[in-house]
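Colleague: Input sequences plus hints: build the corresponding full structure.
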Amino acid sequence: MIPAQFEYVRPGSLAEASQALASDEDAKVLAGGQSLLPLLRLRLAYPSTLVDVGRLDELKGVHDRGDHVFIGAMATHDEVMRSDVVNAGCPLVALAAAHVADPAIRHRGTFGGSLAHADPAGDMPAVVLALDGVFVARSARGEREIPAADFFVDYLESSLGPGEILAGVKIPKLGEGWGFHYEKFHRTAQAWAIVGVAAAVKRSNGAIAEARIGLTNMGPTPVRARATESALQGMELGDQIRQACEEAAADTSPPSDLHAQPDFRRHLARVLTHRAVRTAAGTP
Amino acid sequence: MDAGLVAEQIAESDQINEPAGALEVGRPRKRKEDARLLTGRTQWTDNITRPGVLHVMFLRSPMAHARITRVDVSGARELPGVVAAFSGQDFAAEQGSLPCAWPVSEDVVIPDHPPMAVSEVRYVGEAVACVIATDRYRAADALEAIDVEYEQLPAVLDMNEALTAESPKVHEAGNKAFSTKITSGDLEAAFRDAPIVIDRTFRQQRLIPTAMEPRAVMADTDGESFTLWSSTQIPHVLRVMLAVVTGIPEHKIRVIAPDVGGGFGSKLQVTAEEVLCLLLARKLGKPVKWTESRSEGNLTVHHGRDQIQHIRLAADADGRIRGLQVALLADMGAYLMLVTPGIPLLGASMFNAIYKMDAYEFACTGVFTTKMPTDAYRGAGRPEATFGIERVMDELAAELRMDPLEVRRRNWIKHDEFPYTTISGLTYDSGNYEAATDKATALFGYDKLRAEQGDRRDRGDPVQLGIGVSTYTEMCGLAPSRMLGEANYGAGGWEHASVRMLPTGKVEVITGTSPHGQGHVTSWSQIAADALGVPFDDVTVLHGDTAIAHKGMDTYGSRSLVIGGIAVLKAAEKVKDKARKLAAHMLECSPDDLEFAAGAFKVRGTDSQRTIQELAFAAFTAHDLPEGVEARLDSDATFDPENYSFPHGTHLCAVEVDTETGMVKIRSYVAVDDIGKVVNPLIVEGQVHGGIAQGIAQALFEEAVYDADGNLLTTTMADYLLPSAADLPTFTLDRTESPATSNPLGVKGVGEAGTIASTPAVVNAIVDALRPHGIHDVEMPCTPERVWRALEGRAQEGARR
Ligand SMILES: Cc1cc2nc3c(=O)[nH]c(=O)nc-3n(C[C@H](O)[C@H](O)[C@H](O)COP(=O)(O)OP(=O)(O)OC[C@H]3O[C@@H](n4cnc5c(N)ncnc54)[C@H](O)[C@@H]3O)c2cc1C
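Chains as they are written, first to last, in full-length UniProt numbering: chain A, 1 to 284; chain B, 1 to 801.
If you are wondering where the hints come from, they were derived from the structure by calculation, not from laboratory data.
One thing to keep in mind: the hints can contain errors.
[To be verified] Covered, in the sense of this in silico footprint (three residues per stretch, anywhere, with C-beta under 8 Å from a C-beta of chain A), are these stretches of chain B:
| hint | stretch |
| --- | --- |
| 1 | 395-401 |
| 2 | 623-634 |
| 3 | 674-684 |
| 4 | 780-790 |
[Claimed, not checked] Among the chain B residues that face chain A by a calculated CB cut under 8 Å, a handful are:
| hint | residue |
| --- | --- |
| 5 | Gln-152 |
| 6 | Ser-295 |
| 7 | Glu-660 |
| 8 | Thr-661 |
| 9 | Phe-701 |
| 10 | Val-705 |
| 11 | Leu-721 |
Ideal Cβ positions, reconstructed from N, Cα and C, are used throughout, including at glycine.
Modeller: Structure, rendered in structure tokens:
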């Protein structure tokens, strides 16, 4: 299909970009275009101007910042998945990035775009939520940090304000003893997750010291499986883990679509959380 | 890299080291078409343009069923770049009715089908207005300025409900399109006191044919005659039909099917857009072009399958089939298009498949609903039949606690019983089901997998193994004209070809088939090269333009090689006969003294000879031609087969079913096909790969879903799932060979085999995995959710008991 008419600007600096956004409330940021362009082509969105942030150096690259990794918003999924810094400092992000769509889309789509788009079916939001990432937003008013728990507001809605641009995300390094897994359930290789589970598990002395679990596509925003997280804390590795994972779908409100109804999604969340936790904990 | 260089490299890699004189037929030639296609030097309809071309966009009904009370296009006409805008009313006097060429029965109802709706819409997506603008963007914008008022009418979505007296009507004449019944043998006797009766209802979900290239049409006129480019499988049929529908004389219409990127039956159609583009070119005197978007295509490319199959099978205690009764409901959608009502009937003689039985009945009712019309989709009627019978054979085996292969062995026609006239009246000329099955089971490791299955069952493994069998046959080479006449089809089933030697000894083959991915240019070159003794590279094949290939019945129904390929052979043989006369004259001998080998006529027992190239030049100069021989070394031929061809094979599929998530994974897949003689094994493998993938797609992934209001929900590929290579296993392919006796090459056709065979193989495997859980069917597509619900349902029933 063919999009309606729009203006296009490609600012050279963050200040200019913020200005362009601030001066036109129907303007939209364009990153990799892998979510925005389909909306335009199906005429589900009619932005007046697209502000292409592809030239902004502040948004690019992946940086090791000691206690955290800073992933620039314009880092592509492919870059993230291959980055040594990401693989060393926050491997769960790299593991999950490898599950996004297909190679063509991973070369265009960006880490920041996935998060700013706030699609709960995207793979990145639940991962960043599980890892307690901190979002760095920039605007004409300056810089603002938003904890992951406050970033995702509703379906396709983040807490970025008008004129705010996501510069990148700080992902805290978790240190020794952690294992990771992203379990994605989908029907074809390049499809979105019906349900996804991002798990980070810290083992100590044959037990789980701490578990962090983010769920993809189990509600209008990504969610943490808090009940399971607490149940797992201090739990010995063994059959009882399955029991703890029975709580994984608690307090979720999963969507209904052609691929799954809510009860099936809840069931999947339980099964997949069990699998993700076991794999992250290194138990076969 | 430079496209030219890549093309050269692909061409070079085609050199096959074989001794000169080796036959071309049977060689795994790489396709002549591919270097050009792979390097983007393509002629898709959308790539072709004309000076001053205008772009057409259609406004489509958002309602499944409604009366159109007002259409106001004036808002669109005022917008910049808009040349014209029309509603159905503007075409009413000239647009005619889209044709249905297959009035299958006496009682068939063929409703008026205006290309653009005038007073009523009957499915979501039906065109109600159009805009013609200087570019597509402006046309798309202008669609939003068109005002249409509808008075909503009730949607008709469920076939069973549609047939009740209370149902709202799609057309005034009612919701029944036709009904037909065929009986053979004494069915009542077969079922009376039968120790075993299997009674099952299966659903063939609605599918959306998804060709890589979307449909596109361009039409132009010089004021008197018209040229229509279309991404079609049937340029010849289309030309005739456009003349009939629009009244433009046939000789003033030229249809060109340039490169066509797939069809699978979906481009075996005379579409509203083709007719309307032609009429717009006439109205405006300018070239116009339309290319569909994928979402538009999902709504308005004719859909496939959509049947409810009620099947009853009576058997003896030892598994011998006594009788088979089939009752189908077939969803026609809102109108009867080119061959809509004939599609389910292509399965009428195929439910009995490879099995012997005493009695058979096939009944079918076509039903109108407020959905996109259905029509041919890869296999067309035969996959449905094969699915029905192969599923039921597995059910019979389960009932008898017998191996599904054993039950089939007890019933199939044995290799020494051919030719065999089946209960439904077809005569199968050749086949060897034992050989194909033996080969397939060996390649598959059947016994080992059965052992593993038992082991997993014993262990209560959450991942269960299932084995699915499909010993299919199909009826190909559509079709002997005589039989089409008996079926009341509106055309013949012959095919035409011309072969001409050029002065320099090169060869042009002109074929009436219309390839859109099948590689006819390569295969026809191989056939002609052998017949004339010329090099493969010296042959070119022209097709798909009614001004060049003036006669043809086009490509569908696994007919091209079996009929069109034979026409090429016959035409080439006529050329050779002419050349023989000329050679005899030049060598001053009798034609009978000449032997033909390696492209030359040689006087037996001497060294004097004339090559076919020399003869071509002699015919061109015409300086010394014998009496009665014209100055041309060319000929043509029309071939009309006396019978269908009957490819068959054994497909075996192993699936792993994750009983915790419902996920089905195909672990291994073996296909042993008997398609008779093979012209090009590489092309055959390609066809089988694609076919199996498409059949698996029906089993596991694809489904067109309409909501309760008749809106199509699967308008994008995020909702209408197609598998890619990443979702499919490595296929193990092999062949057995029992040549067809109905044509001189012994070929049977391979275009649909994979699709026909694979769907039941996969579903049988899934059901086989789940049988210990008390499950004996899973509706297609067998999604994780459906499998899980089947397991849940069983578990809950168990708990209640
Ligand atoms: C066929 C297909 C399959 C896909 N499958 C998956 C999948 O399996 N898993 C998955 O996670 N994703 C999937 N995606 C989406 C893909 O990951 C996209 O890359 C991602 O959702 C958006 O990133 P983008 O850079 O393309 O953003 P864009 O499309 O350019 O933008 C998306 C939205 O975010 C806003 N935005 C972008 N960057 C910023 C910024 N720096 N600051 C503020 N706002 C911003 C835009 O204004 C827009 O609203 C798929 C996409 C397609 C087309």
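Colleague: Are the hints correct? Go through all of them and say.
Modeller: Results for each hint:
1. 395-401: Coverage by chain A is violated for the stretch 395-401 of chain B (0 residues, Cβ < 8 Å).
2. 623-634: violated (count 0)
3. 674-684: With 0 residues closer than 8 Å to chain A, the stretch 674-684 of chain B misses the three-residue bar; violated.
4. 780-790: holds (count 5)
5. Gln-152: Not OK, violated: Gln-152 (chain B) not within 8 Å of chain A, min 23 Å.
6. Ser-295: holds, 6 Å
7. Glu-660: Holds. Min distance 5 Å.
8. Thr-661: holds, 6 Å
9. Phe-701: Holds - the Cβ of Phe-701 (chain B) comes within 8 Å of chain A, reaching about 7 Å at its closest.
10. Val-705: Constraint on Val-705 (chain B) satisfied, holds at 6 Å.
11. Leu-721: holds, 5 Å
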